[in-house]
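Position chains B, C and D with the ligands relative to chain A; hints supplied.
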Amino acid sequence: MAKMNMLQAINNALDLAMAKDDGVVCFGEDVGHFGGVFRATSKLQEKYGKARCFNTPLTEQGIAGFANGMAAQGMKPVAEIQFADYIFPAFDQIVNETAKFRYRSGNEFNVGGLVFRTPYGGGIAGGHYHSQSPEAYFAHTPGLKIVVPRDPYQAKGLLLASIACPDPVIFFEPKKLYRASVGEVPEDYYELPIGKAEVLQQGKDVTVLAWGAQMEIVQKAVEMAAEQGVSCEVIDLRSILPWDADTVAASVKKTGRLVINHEAPLTGGFAGEIAATIQKMCFLHLESPIERVCGLDTPYPLALEKEYVADHLKTFEAIMRSVNF
Amino acid sequence: MAKMNMLQAINNALDLAMAKDDGVVCFGEDVGHFGGVFRATSKLQEKYGKARCFNTPLTEQGIAGFANGMAAQGMKPVAEIQFADYIFPAFDQIVNETAKFRYRSGNEFNVGGLVFRTPYGGGIAGGHYHSQSPEAYFAHTPGLKIVVPRDPYQAKGLLLASIACPDPVIFFEPKKLYRASVGEVPEDYYELPIGKAEVLQQGKDVTVLAWGAQMEIVQKAVEMAAEQGVSCEVIDLRSILPWDADTVAASVKKTGRLVINHEAPLTGGFAGEIAATIQKMCFLHLESPIERVCGLDTPYPLALEKEYVADHLKTFEAIMRSVNF
Amino acid sequence: MTNPNNATITTVHRAEFTASDALKIPTLRILQDDGSLYDGATAPELDKDTALKMYDTMVFIRVLDERMLAAQRQGRISFYMQCLGEEATTVGSAAALSDQDMIMAQYREQGALRYRGFTLEQFMNQLFSNEKDLGKGRQMPVHYGSNAINYMTISSPLGTQIPQASGYAYAQKLRGLDALTLCYFGEGAASEGDFHAGLNMAAVHKAPVLFFCRNNGYAISTPANEQFVGDGIACRAVGYGMKAIRVDGADILAVYQATKMARDYALKHNEPILLESMAYRLGAHSSSDDPSGYRSKEEEALWRKNDPIARFKAWLLKQGWLDEAADNAKTEQLRTDILDALKVAEKVAKPGIEHLISDVYAEPIPALQQQLDELKAHIHKYPDAYPITAGRLD
Amino acid sequence: MTNPNNATITTVHRAEFTASDALKIPTLRILQDDGSLYDGATAPELDKDTALKMYDTMVFIRVLDERMLAAQRQGRISFYMQCLGEEATTVGSAAALSDQDMIMAQYREQGALRYRGFTLEQFMNQLFSNEKDLGKGRQMPVHYGSNAINYMTISSPLGTQIPQASGYAYAQKLRGLDALTLCYFGEGAASEGDFHAGLNMAAVHKAPVLFFCRNNGYAISTPANEQFVGDGIACRAVGYGMKAIRVDGADILAVYQATKMARDYALKHNEPILLESMAYRLGAHSSSDDPSGYRSKEEEALWRKNDPIARFKAWLLKQGWLDEAADNAKTEQLRTDILDALKVAEKVAKPGIEHLISDVYAEPIPALQQQLDELKAHIHKYPDAYPITAGRLD
Ligand SMILES: Cc1ncc(C[n+]2csc(CCOP(=O)(O)OP(=O)(O)O)c2C)c(N)n1
Ligand SMILES: Cc1ncc(C[n+]2csc(CCOP(=O)(O)OP(=O)(O)O)c2C)c(N)n1
Ligand SMILES: [Mg+2]
Ligand SMILES: [Mg+2]
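Chains as they are written, first to last, in the working numbering: chain A, 1 to 325; chain B, 1001 to 1325; chain C, 2001 to 2394; chain D, 3001 to 3394.
Everything labelled a hint here was simulated from the structure, so no lab data went into it. Hints are supplied without guarantee of correctness; some may be wrong.
Below are the SDA-like pairs computed for lysine to any residue, each with C-alpha atoms no more than 20 angstroms apart in a straight line [as the list claims (entries may be wrong)]: (1) C/Lys2268 x D/Phe3017; (2) A/Lys306 x D/Tyr3382; (3) D/Lys3330 x D/Phe3118; (4) A/Lys306 x D/Lys3173; (5) B/Lys1306 x C/Gly2352; (6) A/Lys47 x C/Arg2175; (7) C/Lys2260 x D/Phe3118; (8) D/Lys3173 x B/Lys1306.
Stretches of chain C that chain A covers, calculated by requiring three or more beta carbons in the stretch to come under 8 angstroms of a beta carbon on chain A [to be verified]: (9) 2138 to 2148; (10) 2152 to 2160; (11) 2167 to 2175; (12) 2194 to 2200; (13) 2365 to 2371.
The C-beta atom is built at its ideal place from N, Cα and C for all residues, glycine as well.
Just chain A, same shape as in the assembly (with noise of 0.2 angstroms):
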């Protein structure tokens, strides 16, 4: 084990990857020598060489293009989009082609090696443009899989997990918590499953869930929550694609409640896909309205991100609401 802050874990994980196939290529604007803006890809190229780890021209369509092409070679591309932000020119070629790539040719080609690795999220003063969340944009396309992690140790095993993938992987990382999040990380390869929700805290009052950076303000909702008397259940969702359906089923079963943050817009949302399957499944042991906390739908402001972003406080208000309903 070592102590390790978020960028650390990834640098690590990319690292053993690396190491152990050299079909693993690092690529994305300024990933080489400079080892990316936020240096998630420091030292790769020195150990690796430029052919595994190198800058590509400012071109997320052509990052996105390329490692298409790479991957349906049979070779396993992690290519860095800088910010999430930045990822909707590459949109045509991740939802078009690497979504559709095994399905569209009858699995005689795929491009299951890829993964996208991406800082999404706010809490940065970084405004509309270094702040999105865009998970749900890519979480209504059948053929992706959507990876969010919470902090070190989860970053690590569920990237090496997403590179080890047959399917293409998108890997949001919570850029806020690069450095924020600091924890124990077992220095050796490890894999932590993509599609399991993770229940962190047993609850019986209410079921609280979220994913990425939102999982330490629900934490702080929650506490609150707990100097009222209310026991919640904290789930972390980590895959939004294929999510976990039947563990947060399972829960709401026991609490009757759900509460749901997500960073992004409400309208739109991931939050409004999880509502609408639970309140299905779990039709007769709802006690209460699923609540969902979220940005607003705006886009992400600058001056007024306090006021904006779903907070512990709005998701402590929606705890109390859903439990005194």
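Just chains B, C and D with the ligands, lined up with the frame of chain A:
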């Protein structure tokens, strides 16, 4: 009044809009002399000249960027994306630029005059690259408006309203109905409201909600249900963003049940948003879980299209499940 | 002073524009209509077997196109795309490759596919979306592909294969394979942003890709002069620091020669090259299109005379490699074979219902498996409504 | 035979590549470091007032950059981007425009913005995201914009303004305005697909745009030679059938002259033109960046000598248009003014809570209004947690 099919109604709307305001300009791939591959812009170049109705090079991101620029200058571009399946190269220009243009500039600039027209949906043996219904991808984007007409009368009135609207609009045209849907259409200029759902049939047992080409399909299911003595209230949502939660909620409060149908895949589709909202607004009125009848979570197939689609039989089954819960 | 701008800095002191047509790229022509070579031209080294295989492939594709367009008009298949007028372009270039080279095509390159060995049955199975289709009946007709013969399955979104080709070729280089990637695209698709991304990335990362533009004058109804202003597509190469060559696309010897030379160079130097083949899309864009809405019969008639097959045939005859009577008989036989294969393929069952969800992921995710189970139950209830699958649900 | 391929067809009979460096574009240089002109060069027509306005703008920006970078280091603003080394590039080009021309910038063009008349207070209000910011405090520092002075609000996604410039200019042409659009972008942003789309569309639709590439050698850490292989960016013009001109970006007379000439031509002929200005990004990419991770102090030192302001100053002194003592005093005064303005701006309140939802649409949609109402109620309950807005909820 005149009998028009949906293409004629759209063509007529464009014609009236161009006649009324010389800031209205139509362009896109093959839109000029040829009048578009579906002929929606037929004769407009002849009538208004090459400067106001023209072919573009084959680049959706360019079309969208060009349209953003024209709209920022104050004109009213009506840009065609040849198939909604090919709107994704323009995703960045639409989601990061069009949608945020007014907001990010503090209203110094806006692209409110902009309309994207694009044929969407299946039923034409088009496979996954000529059948997609991508409305949910855009519905997660504050700043956009999204409209889907169900017939020629609606198409003309909603398109004219979209062009007149001070916000950018994506106008999804159900291409399956282009020639198949024929109806009486006033020859004069008229607008229909954006953001208002329409109750097409009053009922008391269950609310059935859809939009666009699916309206015909749910009508069939509703008739089957009627034969079983089930009284359905039928709603055409018409606008996906903003969507008329009040009309839907009022109906569900009356019927106690809701079945939502859309063409797009289930997971992350807009039915999730509707279900999540309505379960909250109508929690104490719901007598059965909200049902979603959608495409499967796969790319749109070719050979097995019949099996895949959210057809009247699946909708009928959902209605019956809902009332017999 | 170091030059960080990555440009050759030569100086002038009087302002003058570089002209928009400062670069002129000539067209390579070797073979004349009558089968003789142009003065000063030499034929590429081409043995008799290869030459005849090229010719047979062109004839095969011509006849297939005729028949399948007819089949589409009869309503037997839903859609078709011909390559009339471009047979030399795709066959000549494919013939210059090694079988290990990957081909990434747009959709009008059945010539290359056939040259690689895609069988008549395989064509038919794809066109009829039946259960023997390698693509499992999932894509519209003409979206062929085969791993075994290194022909990437075609995808409808235009231009997307261009940066993919760069990545594929980069992987070939990393793997140390003695193979490159040839990427076909139309002059219309070359307007997509992916074109720019793909060419630039291949140049920067030294990926051995032959970017092969079929400039056939039209993108559906849009003529090339409403598509771009530059001098064709080849002149863009210099912007990427890439070599270029332009050929007469109806001249199979020129196409073969240029592609061969480009392949040798690209593999040896790990460099991409841009080729442009000038031809004319003689048929409609697709079976859904009617060109009379945007071009004249006269224009078409002029180009119809410029037949790549007739030209090559004249050369083969001159070489004494072709027996005209035998060739005619063979073509007749081919017509019969194609019709027979068509009749077989249209009777083959559609893919089974499990293929509605297979290949979305390597293994179906649980939610999808559940959707399939529910669907099966539904079909059991309404078998008449789902005739393709109802009888064989398992 | 008609030529549908939109290319000049000249013929060769022997296969030969067009070289990857077949086109060479020279760099226009007029002004030498010592303020004298190069042999054979003539200064553009430039009256004293304009020249001094250009000079003052460069100095203003230099001082502003120094101060605001310091303010960022003190934690007073969250982020900053300098334009050190590129002052002549943006000021010289902006000075060659008419005030009616639209400017679409990337983010490092404060020189052009200031030349247009953006006030010190406006700079400060944006940098502090306060309620007087024209952009209502919504974007990170340096994302300026102003309708009144025809300077499009900057957007962080790179390259997106390029096709927008084409559309804007096309609209200017349609409206019959005697104005065009100048679009700035970096050599890094020129790799985006939007670059290709924007240039091609402007060429095809004859939109009067000056595409102005600031080739400053770096895109964050990525040097230009890992960004592209071609000879700079200007050589891409020929691929779009566009004229091009390249200038020394530290030579304000060359920049001014080339831009002026390009503007005249573009407006007269309704044609886009590609300009490339060769300079060096002397500072860090932004306040979040540290170039020592990717380039040497020696390289920076070499370029630091190539100061565009010093060069222009030398010329102005030679013209007898500048009084050095007065100029120094003015610069001192500027330092004070900037500090004063900074102190004022940082005390101005943040935008009110209504601006959390205003401008998402022309009018808030009902759901959004409801979200705001709920938020206000929430803030009323927890005023301490939302100090910016709690005190003034209405
Ligand atoms: C991204 C995208 N946009 C639009 C289309 C629709 N479309 C199909 S073929 C075509 C024209 C292509 O022309 P070109 O590239 O010149 O190839 P050609 O048909 O001439 O062989 C268009 C616009 C598409 N398939 N993909
Ligand atoms: C679409 C997009 N991708 C990535 C970024 C992150 N980014 C911001 S500036 C920059 C480098 C730009 O370099 P260049 O265009 O040369 O301009 P310069 O900074 O040199 O002025 C990058 C990669 C972005 N803003 N937008
Ligand atoms: Mg073409
Ligand atoms: Mg730069």
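Check your understanding: Does D/Phe3017 lie within 20 angstroms of C/Lys2268 when you go C-alpha to C-alpha?
Key -> Given that 20 angstroms is the threshold and the Cα spacing comes to 15 angstroms, the pair holds.
Check your understanding: Is D/Lys3173 within 20 angstroms of B/Lys1306, Cα to Cα?
Key -> Violated, at roughly 50 angstroms.
Exercise for review: With a cut-off of 20 angstroms on the C-alpha distance, tell me whether A/Lys306 and D/Lys3173 pass.
Suggested key: Roughly 44 angstroms separates the two Cα atoms, so the pair is violated.
Review point. Taking a Cβ-Cβ distance under 8 angstroms as contact, does the stretch 2365 to 2371 of chain C have three or more residues in contact with chain A?
Key: holds (count 4)
Review point. Can the stretch 2152 to 2160 of chain C be counted as covered by chain A under the rule of three residues or more with Cβ-Cβ separation shorter than 8 angstroms?
Key: It holds, with 5 qualifying residues against the three required.
**Study point:** Satisfaction of hint between C/Gly2352 and B/Lys1306, Cα-Cα up to 20 angstroms
**Key:** 13 angstroms, holds
**Study point:** Restraint check for A/Lys47 with C/Arg2175, where alpha carbons must lie at most 20 angstroms apart
**Key:** 18 angstroms, holds
Exercise for review: For the pair supplied as a hint, A/Lys306 and D/Tyr3382, confirm whether the alpha-carbon distance does not exceed 20 angstroms.
Suggested key: 12 angstroms, holds
Check your understanding: Taking a Cβ-Cβ distance under 8 angstroms as contact, does the stretch 2194 to 2200 of chain C have three or more residues in contact with chain A?
Key -> With 5 residues close enough to chain A, the hint holds.
Check your understanding: Is the hinted pair C/Lys2260 and D/Phe3118 satisfied, with a Cα-Cα distance of at most 20 angstroms?
Key -> Not satisfied, since the Cα-Cα distance of roughly 59 angstroms exceeds 20 angstroms.
Practice item. Decide if the proposed pair is consistent with the structure: D/Lys3330 and D/Phe3118, CA atoms, cutoff 20 angstroms inclusive. Key: 19 angstroms, holds
**Study point:** Per-stretch coverage check for the stretch 2138 to 2148 of chain C, three Cβ contacts closer than 8 angstroms to chain A
**Key:** holds (count 6)
In the structure shown, a violation is registered for the earlier hints numbered 4, 7, 8, in ascending order.
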